[in-house]
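Participant: Below are the chains, spelled out letter by letter.
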Amino acid sequence: MHFNSVNLWVVAAALLGAAIRGSIPYMFVSLGECLTEKSGRINLGMEGILLMSAMTAFAVSQRTGSPWLGALTAAIVGGILGLLHGSLTELPGVNDIAAGVAMVVFGSGLAFFFGKQFVAPMAPQLPVLEFGKWASNPALRAALRISPLFFLGIVTAFVLHYALKYTRWGLHVRAVGDAPEAARSMGISARQHRLIATTIGATLAGIGGAHLTLYFPGIWSEGISGGQGLMAVALVIFARWSPLRCLAVSLFFGGAQALDPSLQALGFGGFYHLLNASPYVLTLILMIVSCSRSRKLIGMPGALAGRG
Amino acid sequence: MSAKQPRLVEVKSISKSFGNFRALDSVNLTVRPGTFHAVIGENGAGKSTLAKCMLGFHALNAGEVVVDETRITNPDDARRLGMGMVFQNFTLVPSMTVAENLLLARKDLPAFLNSREEHTRLQKFLETAPFSIDLESRIAHLAAGQKQKVEILKQLYLDTKILILDEPTSVLTPAESDEVMGVLARMVERGTLSVVLITHKLRDVMDFADDVTVLRHGRVVASMPVEQANPVKLAELMMGESRPPEPITKKNNSTPTAAALEVKELTVRGDNGLVAVNQVSLTVHRGEILGVAGVSGNGQRELVQAIAGQCTIESGEIRSFDEPFYPTRRGIRKAGLFTLPEEPLENATVPSMSVAENISLRKFDQPPFAKARWFLNRSAIKDAALAVIRNFSIRPPFPDVPIRNLSGGNVRRAVLGRDLMGNEAKILVVANPCVGLDFAATAFVHNHLVEIRNDGGALLLVSEDLDELVKLADRIVVMSCGVIAHETLPSELDRTVVGGYMGGHVAASASCKICS
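Chains as they are written, first to last, in my numbering: chain A, 1 to 308; chain B, 1001 to 1516.
Misleading hints may appear alongside valid ones.
Unchecked claim - Simulated crosslink set (DSSO-like; lysine-lysine; CA at most 27 Å straight-line):
1) B:1052 - B:1124
2) A:165 - B:1382
3) B:1012 - B:1233
4) B:1201 - B:1012
5) B:1201 - A:165
6) B:1233 - B:1201
Hint data in this document are derived by calculation from the structure and do not stem from the laboratory.
Computed from a predicted model, the values in this text were never measured in an experiment.
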């Protein structure tokens, strides 16, 4: 490999492409989690939802031949799991952290059980948008092949931002998340808003799951999510519960994940496992930096702050 | 929505019990349209319960609340008839702006907000409103007084014609309180509003109210126009046979005594990371009350927290009886250094635990409360709690209710009782001990503090009430912008000079981040 300027440029493009690709699951899960937490509930079960919807998307796409139907089913399955989490945590005495951990085990167990038969084959993938037709370099063209889900994610972030700020429902969700007692005194039902927010949040995570199996290379394996569902939950804290910042931080995480293949392309091949760990290390660093003993977390919904 | 004019409110012999405790007993009350009606009574007389019953929050055991012939059975009825309440604890969403909070309260809010249109509407409303406030500021950044104003604005925005205020002035400075009350009184004069003011401050009653109703132990003992009332008569009616105890005189401890509590060049940072207490040195001797005056937010809170071990000390030292003081359980017991912080429910209790458990918090691991070191002796804990409840007249008198169900004044009594019973306190650090207490209770607390001093105890008394300090303290220091700006004897205290230091105008510290 020669280190000339053209090559570096291609690598930069490849890195960007990989960052965009890698950011999509983070984006959908963190946006979903952001909405859920805004309503005053935590859904730690996102990892399970991600796996279950990834498997569902793959299976439906493989059986019906329609990747879009697969993605839609994945979103619905995500929503159903969110509804389950939301209903469970409404029961008296059910802690949503514990319920979330149970959802991880439940979702992944279910996905592994039904996914056994789908480990080998290939399924039709979602179409991609070609932004690199003008480029002569095949690596660049590959890098600029962007999934439409990326744009859907961006639109979702802006819609969520707008909805939380400029709709009645959004104001109500923030009220029950930040001051449940005050909301109750105004006749706003915390139950109802949390249930809906949790369901919508998990639906979004389901779309993120579909991306995992319906985009290149388009296979289903048990390790496909690699803990991204959990990392996205941490990401929300770093994004300070803002949908637009979730977008930015997702890209950052996606980029960290892309470091390894890009450096391999440059010829630095020896750090495979080390570089694979970079998103995890990044999560840890972010958690340490953003959590200080002497400073309170700015932007944290009040209903989340009041418990240990 | 509601009518242009406030309507007639009639409370017809209502009763309300919680378990065996009768909070209200055949209470009658008439609020004439367009009047300012004060409801007074001591802590636990049933004032807040009455207000909640009027708004339909509680199911009544007997009687009815009627507004213009319509019976109120739930909060929605009350809302429709133009009734609204400003609660003791705020019902605002802290992370939202003033504008968002006002919008949130509206019942007919459209699903999608046109922010520009809503903003103009709010601006137009603010022009007619009695206070001006920045619509875009976040509630979390507002001081208590401003929050109170937003609460009232919210009610006016909702077109409330009958406004019930539950002890609104307990969180306000006297000047703020006069401003808020004055504005409401003028609206009442114009006939656009009826106000029901729940309070135990007789001054507010005499200055602003048209009618006054006195509650005692859940019963109406008198109801009259204010012209026929006077503070002495009202105080007598409120207290009944119980008189405030005679003030205990301070023994003359002129001989210099040993230092009990020493704070040496203490520096502490506040929650926001800025220096809140800056190189403060203080010495409190045995048999002395050292008063710390100042406007709240000038580092008093952090000073008390540092002594209590609730926040990290940046530099400096705290010593008790010539030894370094560490706020561990053992250290606290050894030094006999107890702290009575402000906002006791948040800072000095476990709200979900019972009154008895909270009273035993200091000593539950000591005999007789602990058996064989590891097991609790429930009956001993309960007996001790009953003694505190009796001595400090805590209402309702049940040791097993969660302490957060008690009213603010009663929580304070419970916390005071915990630390003052048994006379184990040698050093007391007390912050605003009488906020929210009626005068009998205030006199009672003051007497206890003086008694501890006379017995050789050392007290650091932080208070925003200068009169309280002049009455109790042997020396007074003024805290401003995190430093001790001034020191004086109560007998030589010049209010203009002290006021100047409190306002930070005289303070030499140019680096003051709090005042600017």
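Participant: Look at each hint and say if it fits the structure.
Facilitator: Taking the hints in turn, this is what the structure says about them:
no., hint, result
1, B:1052 - B:1124, "violated (31 Å)"
2, A:165 - B:1382, "violated (51 Å)"
3, B:1012 - B:1233, "holds (25 Å)"
4, B:1201 - B:1012, "holds (26 Å)"
5, B:1201 - A:165, "violated (41 Å)"
6, B:1233 - B:1201, "holds (14 Å)"
Hint check: violations occur at hints 1, 2, 5; the rest are consistent with the structure.
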